[in-house]
Structure formats: C-alpha cells, structure tokens
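Using our numbering, the first residue of the sequence shown is number 87, and each one after it goes up by one.
Source of the hints: derived by calculation from the structure; they are not laboratory data.
Certain hints may be false.
[What the hints assert, rightly or not] List time: in silico EDC-like cross-link candidates among lysine to aspartate or glutamate, alpha-carbon distance up to 16 Å:
| no. | residue 1 | residue 2 |
| --- | --- | --- |
| 1 | Lys231 | Asp391 |
| 2 | Lys402 | Asp277 |
| 3 | Lys430 | Glu370 |
| 4 | Lys336 | Glu392 |
| 5 | Lys427 | Asp391 |
| 6 | Lys110 | Asp250 |
| 7 | Lys231 | Glu362 |
Given the structure is predicted, the values throughout are model-derived calculations rather than measurements.
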Amino acid sequence: MERLVVNSSLQSYTIYMEEKSRFKIPKLLKKEYSSILIITDTNVAKLYSNDIVSSFPHDKVYVVVVDAGEQTKSLDTFYYLHTKAIEYGLDRESLIIALGGGVIGDLAGFVAATFMRGIDYVQMPTTILAHDSSVGGKVAINHEKGKNLIGSFYPPILVLYDTDTLKTLPAREVRSGFAEIIKEAMLADSDLFDRLMSVSLEGLTLEALNRFIYSGLQIKIKLVEADEKETGNRKFLNLGHTLGHALEAKLGYGVLTHGEAVAIGLLFMIYVSERELGASLPTETLIKWFKKNGYINPLTLDMVDELVEIIMHDKKTVNQKIQMILLRNLAGPIIQPLEAKKLKSYLQGFIVDGISKR
Numbered sequence: 087m088e089r090l091v092v093n094s095s096l097q098s099y100t101i102y103m104e105e106k107s108r109f110k111i112p113k114l115l116k117k118e119y120s121s122i123l124i125i126t127d128t129n130v131a132k133l134y135s136n137d138i139v140s141s142f143p144h145d146k147v148y149v150v151v152v153d154a155g156e157q158t159k160s161l162d163t164f165y166y167l168h169t170k171a172i173e174y175g176l177d178r179e180s181l182i183i184a185l186g187g188g189v190i191g192d193l194a195g196f197v198a199a200t201f202m203r204g205i206d207y208v209q210m211p212t213t214i215l216a217h218d219s220s221v222g223g224k225v226a227i228n229h230e231k232g233k234n235l236i237g238s239f240y241p242p243i244l245v246l247y248d249t250d251t252l253k254t255l256p257a258r259e260v261r262s263g264f265a266e267i268i269k270e271a272m273l274a275d276s277d278l279f280d281r282l283m284s285v286s287l288e289g290l291t292l293e294a295l296n297r298f299i300y301s302g303l304q305i306k307i308k309l310v311e312a313d314e315k316e317t318g319n320r321k322f323l324n325l326g327h328t329l330g331h332a333l334e335a336k337l338g339y340g341v342l343t344h345g346e347a348v349a350i351g352l353l354f355m356i357y358v359s360e361r362e363l364g365a366s367l368p369t370e371t372l373i374k375w376f377k378k379n380g381y382i383n384p385l386t387l388d389m390v391d392e393l394v395e396i397i398m399h400d401k402k403t404v405n406q407k408i409q410m411i412l413l414r415n416l417a418g419p420i421i422q423p424l425e426a427k428k429l430k431s432y433l434q435g436f437i438v439d440g441i442s443k444r
C-alpha cells in the first residue's frame, strides 16, 4: 500500500493507494462513528457502494445516490443531501464518505463541512481526475455564474484511493483525469511531462497509470502544504483552469468533462505565455498529444465575449484583473494579472490563429 501524508494546520491526513482497499476502510479509521452516510452517484453506486456498506460491522450505514455529472454540484442537491442526513439521524459523531469522482468529492465534502457546522468525512476517489480534487481540502458547489464559487477549505480525515476502481473508467474519464496530471507535470516536473507525452492512453497499463497518479499527488501535496488557504503559490494549481472553468460554465456543466476543458485551457495558457512572457514551451508536442488521444474542442469566436465576462467574475479576479497562471518555461509558473481587454484579444488570437483547433 502506497502512503502519503498531507500536513495541514486544519487537520493532517493520510492518502492510501492500494488495489481493493475499499474493503479495508473500517481498519483505517481512527475512531468509531455513530452512523455513516455514503454519498455517491448513479455510475459508481452500482459498482462499489455495496462493497463499502458490507465492510462495516454495524447497520447504521446509509447510501444516498445522486445524478452523475457536474450539474449535480448545485444548491438543490446540496440541500437535498442535508435533508437526507437529517432524516437518517446523523449527528456530530457521524461520518460522511464521498465515493466517486471530483464532483462527488467536492459536493459531499461541502455537505460535511456545513452539516452541524462540520463533521468528519473520507474521500474515496474512483476516477483519475479525483486524485487532484480529493487532496487539499477544497470543497464546493457551483453557481450558474461560475464554477466552485460557493465553498470552503475543509480537509478530509482520510483519502482512500482504491486503484482497482480505475479499471471501470470509460475512455473519456481517463482523458479527463490525465489532463490534470499533465497540468501538474507542467507546473513542477519537466521529466514527468516528457514521460507523459511518450505514452498513449489507449495502451496505458494500470501500473503505469498508478505511477503517474502518485507523481501528480506528490506535486500537489507540496504546493498544498506550503499554501493551505491559496493565498500564494497554491494558485499555481489553477494552471489551465482560467479558460477551462469558463468553458464549463458557458457550455453548461457536463457538456465537456473537466479535463477536456482544462486541456483547452492549457493550450490557451501556452498561447498567452508565449506572447506575454516570451516563453518557449512544447506547444506542438502538447497539441499533437491531445489530438492523438481524442480530446475535443468546441471553442468558437462567437463565445469570446461571454467567456471573458465569466472569467472576470471568477474568484481569481482581483481589481478587475484575472490572476492568470502562466509559464516562463516548463516547471516555471508565475501569476500574471490580465485586464479584460487584453484577455479578449488573446482569446480571439488563440482561435483565429488556429492554435485551439489544430
């Protein structure tokens, strides 16, 4: 079993990575809980929820299943889950288990952070993408005006990553999650980036995937520990997310996967970095890799005005300037403020020059 520790002033916690570890969760908990609520989605429930329920010796284990997809990170679902927690009699000594991908982790974590002013929760990611979202204590739901605008910092007591669950992922979810690993490599490890660009997702083995996930986790943990509340360098983890989040909001949550949106955002980040900073980055390498591995891109010129408006309402906007994460070189991120006019010009150029569509 691989083991990583995340040190936090709020609450330190351990990440465990092991195949079939979902059957061991009671042994990894440090205390007894009065009741347990498993929050999962329609895709994951039929695969793994019974395994979690059967691993606990008592009968006060409840399961609530919500719709799969980004649209579930809403106020309505948040309120519904609080209602179910009250109906099941959860109290301050209860535990919530977030069983699923990044959407479930964010949503269930925010429910845990706010139910009776905060109860314990466990992250049990079942996607590649969730290796990123399950670590760092960010929990949130979406507003129709933007992604993750309603949320908090609230770390789990444990992250249990059963890599066996990755075997059931559809190809589109593999692509989505891999985009976040690429982001992490571009931030901090050029050698990892080169290794990622040498593989094909179609022929990727589970062993190789686990190694890439572990490397990505190490990068994220380092940034999170150094800047828990995202006041400084933790903002680097937003690389590719400025345009990515705006595309998700513009198209409607769930039309693009999060990773597909981030992939487009990474290409835009490179485009801006080259022009704003004179950076020399592996543009063609990344474009060819995304194309070879089936990433999609619906970006068109008629979206530009609305995308800029969404970006300027993002939580990373300060004094009417978006704090965009750019790269001076691979593993050389900086925060660069951009006003709306310049952002619009770059976005138009990105589309007209054809970079976004290659």
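| task | Mind listing which of the numbered hints don't hold for this structure, in increasing order? | result | 2, 3, 7
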